[in-house]
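Peer 1: Here are the chains, one letter per residue:
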Amino acid sequence: MNLKRRAAIVRAIVAKDLREFSRDRLWMVLTPIMLIFYVGIFWLLPNSVDETITVGIYGRGLDAVAEEALQSDAVATEQALRVVPFESADALEAAVVDGTEVEGDDGKNTVPVGIAFPDDLTAALAAGEPATVTIYVDAAVPAEVQTAMSAFVREATYAMAGMDLPVTQPQQQLVVIGEDRAGNQVSPQDRLRPLLAIMILLVESMALAGLVAVEIQSRTAQAVVVTPATTGDLLTAKGVTGTLLAFSQTVLLLLLIGAFGFEPLLLLVAVLLGAVMMAGVGMLAGSAGRDFMTTIFISVVFIVPLAVPAIAALFPGVASSWVQLLPTYGFIETIVGVTAYGWSWSDSSVYLLISAAWCVVIFAAGWFILRRRVEAL
Amino acid sequence: MNLRIAWQVLLKDLRLGPRSPILLWAIIFPVVGTLLVQIVFGSLFAPQPRLGIVDESGSEVAFAMAEVDGIELTLVETEDGLTQLVGDNALDAGLVLPTGFDARVQAGERPPLQFFVGGESLASNRLILAVTTLDLIRSVEGSTPPVEVEVVATGDPVLPMSSRMMPLLVLFALLIAGVFVPAFSIVQERESGTLTALLVTPARGVDVLAAKAVMGMVLAFLMTLVTLWINDALGGQPTALLLSVAIGAVILAEVGLLFGSAAKNAKVLFTLMKSVNILLFAPVVFYIFPDWPQWIAQLFPTYYIINPIFEIAVQDAALADIAPQLVVAVVISLALIPAVVVMSRRMTSQMAAA
Numbered sequence: 003m004n005l006k007r008r009a010a011i012v013r014a015i016v017a018k019d020l021r022e023f024s025r026d027r028l029w030m031v032l033t034p035i036m037l038i039f040y041v042g043i044f045w046l047l048p049n050s051v052d053e054t055i056t057v058g059i060y061g062r063g064l065d066a067v068a069e070e071a072l073q074s075d076a077v078a079t080e081q082a083l084r085v086v087p088f089e090s091a092d093a094l095e096a097a098v099v100d101g102t103e104v105e106g107d108d109g110k111n112t113v114p115v116g117i118a119f120p121d122d123l124t125a126a127l128a129a130g131e132p133a134t135v136t137i138y139v140d141a142a143v144p145a146e147v148q149t150a151m152s153a154f155v156r157e158a159t160y161a162m163a164g165m166d167l168p169v170t171q172p173q174q175q176l177v178v179i180g181e182d183r184a185g186n187q188v189s190p191q192d193r194l195r196p197l198l199a200i201m202i203l204l205v206e207s208m209a210l211a212g213l214v215a216v217e218i219q220s221r222t223a224q225a226v227v228v229t230p231a232t233t234g235d236l237l238t239a240k241g242v243t244g245t246l247l248a249f250s251q252t253v254l255l256l257l258l259i260g261a262f263g264f265e266p267l268l269l270l271v272a273v274l275l276g277a278v279m280m281a282g283v284g285m286l287a288g289s290a291g292r293d294f295m296t297t298i299f300i301s302v303v304f305i306v307p308l309a310v311p312a313i314a315a316l317f318p319g320v321a322s323s324w325v326q327l328l329p330t331y332g333f334i335e336t337i338v339g340v341t342a343y344g345w346s347w348s349d350s351s352v353y354l355l356i357s358a359a360w361c362v363v364i365f366a367a368g369w370f371i372l373r374r375r376v377e378a379l
Numbered sequence: 038m039n040l041r042i043a044w045q046v047l048l049k050d051l052r053l054g055p056r057s058p059i060l061l062w063a064i065i066f067p068v069v070g071t072l073l074v075q076i077v078f079g080s081l082f083a084p085q086p087r088l089g090i091v092d093e094s095g096s097e098v099a100f101a102m103a104e105v106d107g108i109e110l111t112l113v114e115t116e117d118g119l120t121q122l123v124g125d126n127a128l129d130a131g132l133v134l135p136t137g138f139d140a141r142v143q144a145g146e147r148p149p150l151q152f153f154v155g156g157e158s159l160a161s162n163r164l165i166l167a168v169t170t171l172d173l174i175r176s177v178e179g180s181t182p183p184v185e186v187e188v189v190a191t192g193d194p195v196l197p198m199s200s201r202m203m204p205l206l207v208l209f210a211l212l213i214a215g216v217f218v219p220a221f222s223i224v225q226e227r228e229s230g231t232l233t234a235l236l237v238t239p240a241r242g243v244d245v246l247a248a249k250a251v252m253g254m255v256l257a258f259l260m261t262l263v264t265l266w267i268n269d270a271l272g273g274q275p276t277a278l279l280l281s282v283a284i285g286a287v288i289l290a291e292v293g294l295l296f297g298s299a300a301k302n303a304k305v306l307f308t309l310m311k312s313v314n315i316l317l318f319a320p321v322v323f324y325i326f327p328d329w330p331q332w333i334a335q336l337f338p339t340y341y342i343i344n345p346i347f348e349i350a351v352q353d354a355a356l357a358d359i360a361p362q363l364v365v366a367v368v369i370s371l372a373l374i375p376a377v378v379v380m381s382r383r384m385t386s387q388m389a390a391a
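Line by line, the protein sequences are chains B and R. In short: position in the first sequence from 1, add 2, done, that's the working numbering. In short: position in the second sequence from 1, add 37, done, that's the working numbering.
Keep in mind that the hints were calculated from the coordinates and are not lab data. For each residue, glycine too, the CB sits at the ideal point set by N, CA and C. Be aware that a few hints might be false.
[As the list claims (entries may be wrong)] Partner residues aside, some chain B positions facing chain R, computed with beta carbon under 10 Å:
no.: 1; residue: Asp52
no.: 2; residue: Glu157
no.: 3; residue: Val169
no.: 4; residue: Val178
no.: 5; residue: Ala184
no.: 6; residue: Gly185
[What the hints assert, rightly or not] Below 30 Å or equal to it, Euclidean Cα-Cα: the simulated DSS-like pairs (lysine-lysine) are:
no.: 7; chain 1: R; residue 1: Lys301; chain 2: B; residue 2: Lys18
no.: 8; chain 1: R; residue 1: Lys311; chain 2: B; residue 2: Lys18
no.: 9; chain 1: R; residue 1: Lys301; chain 2: R; residue 2: Lys311
no.: 10; chain 1: R; residue 1: Lys311; chain 2: R; residue 2: Lys49
no.: 11; chain 1: R; residue 1: Lys301; chain 2: R; residue 2: Lys49
no.: 12; chain 1: R; residue 1: Lys49; chain 2: R; residue 2: Lys304
no.: 13; chain 1: B; residue 1: Lys18; chain 2: R; residue 2: Lys304
no.: 14; chain 1: B; residue 1: Lys18; chain 2: B; residue 2: Lys6
Next up, chain B with everything else stripped away, as it sits in the complex (with noise of 0.2 Å):
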């Protein structure tokens, strides 16, 4: 049979699953539910990160000497604080406790931690007499927040007094290994970006399984292969389908949440090879053929380590070389490489090998298994 005719065939058993699918309540319904939850849940998310600790401070007549502190050897503030300064104590002490927000340089913010300088704190430096400044902070201000401050006050006024630090600071105020991505930072948007896309993968991955499921289970896999089609088209069909609805999915939700402001085509060849790869998941799963709640559990037991490295990107740092050994990794590295990063196709060649490299050997084992499968029907 040329290869026309066993084209034809597969497309037909496509079609017949992907009407199969529309026709599954159970998929017709969670499938939207979870691209609405999922781009609910992102677009809820914060699309920045503050690493800026507002401090109001009140100092008369302390504004230069403040400044000079502010701005000495001790510590790099640029960035880390956002100073609003008072006119009075009171007014700076019920603006921690209201939690009112207060005008500054950029814009309004609330005033979780407030400094207020004794008023003849200059005098008392000089005379080397003791003086009390009182931090003001919101019960919510995390404890290393609050010993800082203190800490911050007492360095500045060692600046004041004029006296030096206890150690010899290198010649920039801050060693910076790595790219310096201060006020730059990976959004929690971003960190949950690829998370989102596994999660509806591993979903289709679990439909795909669903398909094959009931087809074994109705034996009708085994009243296909007796038609002109062959195993091979029918589980050409099956990788097919599982593929389609793996990608064309996740990409929707991509565009969704705004994935495709950069290397459009390395993510969508990304997000093929993640579809692929969860087609012969689904295959996998799906070859056990038993009732549905075997096969839903069965998936769940492939879900829970493929969406471990997800999760991973959800924190700083590099994952484990244990995660990186898990199939989804190239995937996932590719995924917040090129939106969270700005990665371009070199930079994410050795992930898209890795993850072509676990598509080949995962689909493979789906279809091996579910050919045997097949045939022992």
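Starting from the known structure of chain B, fit chain R onto it as the hints suggest.
Peer 2: Chain R alone, transformed into the frame defined by chain B:
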């Protein structure tokens, strides 16, 4: 209802239960869920500053840093290892304290500060780590600060994200054990025909449903307590907690019976759950976002199950504090009984007609 028959059905379910994947889920979920929540939500939204120190000679700075609240400290063996960890963004900053560092600081020699930060560390974390490090070096130096610092905390502390996720975990435990287990058990029996077979014996639909409900209630009660226990959130009011969990388990087992008797097969049940669960879970979102108007959460029935448990387990409330909410929960539970009876009769007649 025939208690003896219901008991026999329950014993059968207990015997065959371990074969069910749903039962397995109900048991492993508290552990997996807690792990995920503690890892993901414990650090995703409020990442603590992470500092690595190479301490070559037992510096006081390293000891003092270990005592600072809210800073995650890692002791690293070598400077190269530390640079690697900071470069990989596994740490926000690194500090090398060479041999004799403390003595040199105390002698006023102003030794070089080997402090470096990772490019992906937050600016605020860099500031926190740098200034805290300097402050600790100052205390090693023995200098007296020019000022005293008085910290005045205002307002109510906001619970950490991991505590705010507790209602979600508890509701999941209640839902999987209380709703999923009886509902899937009923549907599986319907699909495999054993329920129809059972109904040609002296057992009636209500006996079977009672057994399923008891199974769900007991499991939901136990797994909720396990969830609270592994999250170290049993609170200080055991009687009030047990009562709240028991009422919650009863209500969710009733919901499980409703789902199970309404669904013709597992797929319909799965669809039903996926659709209705959004409503059941709605109140837990308001714990996660305390700034949202909290009165909205009170519009959802599951609020009256979750809130008493949350108040006792996390906020240390007493029975009197949550009594009005428990009364509402009991009313909900009583209101569900007629619905369960109607659905049970409908299911029995459907099976008889089939």
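Peer 1: Next step is simple, just say for each hint if it's right about the structure.
Peer 2: Verification of the hints:
About 8 Å separates the beta-carbon of Asp52 of chain B from the nearest beta-carbon of chain R, less than 10 Å, and the hint is met. For Glu157 of chain B, the shortest C-beta to C-beta distance to chain R is roughly 6 Å, which falls under 10 Å, so the interface hint holds. The interface hint given for Val169 of chain B is met, as the beta carbon of that residue sits about 4 Å from the closest beta carbon of chain R, less than 10 Å. For Val178 of chain B, the interface hint holds, since its Cβ comes within 10 Å of a Cβ in chain R; the closest pair sits about 5 Å apart.
Look at Ala184 of chain B: its Cβ gets to within about 5 Å of chain R, closer than 10 Å, so that hint holds up. Hint status for Gly185 of chain B: holds, given a least beta-carbon distance of 7 Å to chain R, under 10 Å. Between Lys301 of chain R and Lys18 of chain B, the direct Cα distance comes to roughly 25 Å. Compliance with the 30 Å bound is thereby established for this hinted pair. Proximity of Lys311 of chain R to Lys18 of chain B is assessed by CA-CA distance (about 26 Å); at most 30 Å being required, the pair is judged to hold.
Taken as a hint, the Lys301 of chain R and Lys311 of chain R pair is honoured in the structure, with Cα atoms around 16 Å apart against an allowance of 30 Å. At most 30 Å may separate the alpha-carbon atoms for a hinted pair to count; Lys311 of chain R and Lys49 of chain R meet this at roughly 28 Å. Only pairs whose Cα atoms come within 30 Å are accepted, and Lys301 of chain R paired with Lys49 of chain R is accepted, the gap being roughly 22 Å. Distance hint between Lys49 of chain R and Lys304 of chain R is fulfilled; the C-alpha atoms sit about 24 Å from each other, no more than 30 Å.
Between the alpha carbons of Lys18 of chain B and Lys304 of chain R the distance comes to roughly 20 Å, so the proposed pair stays at or under 30 Å and holds. Using a Cα cut-off of 30 Å, the hinted pair Lys18 of chain B and Lys6 of chain B holds, with the two alpha carbons roughly 18 Å apart.
In terms of the numbered hints stated before, the structure departs from none.
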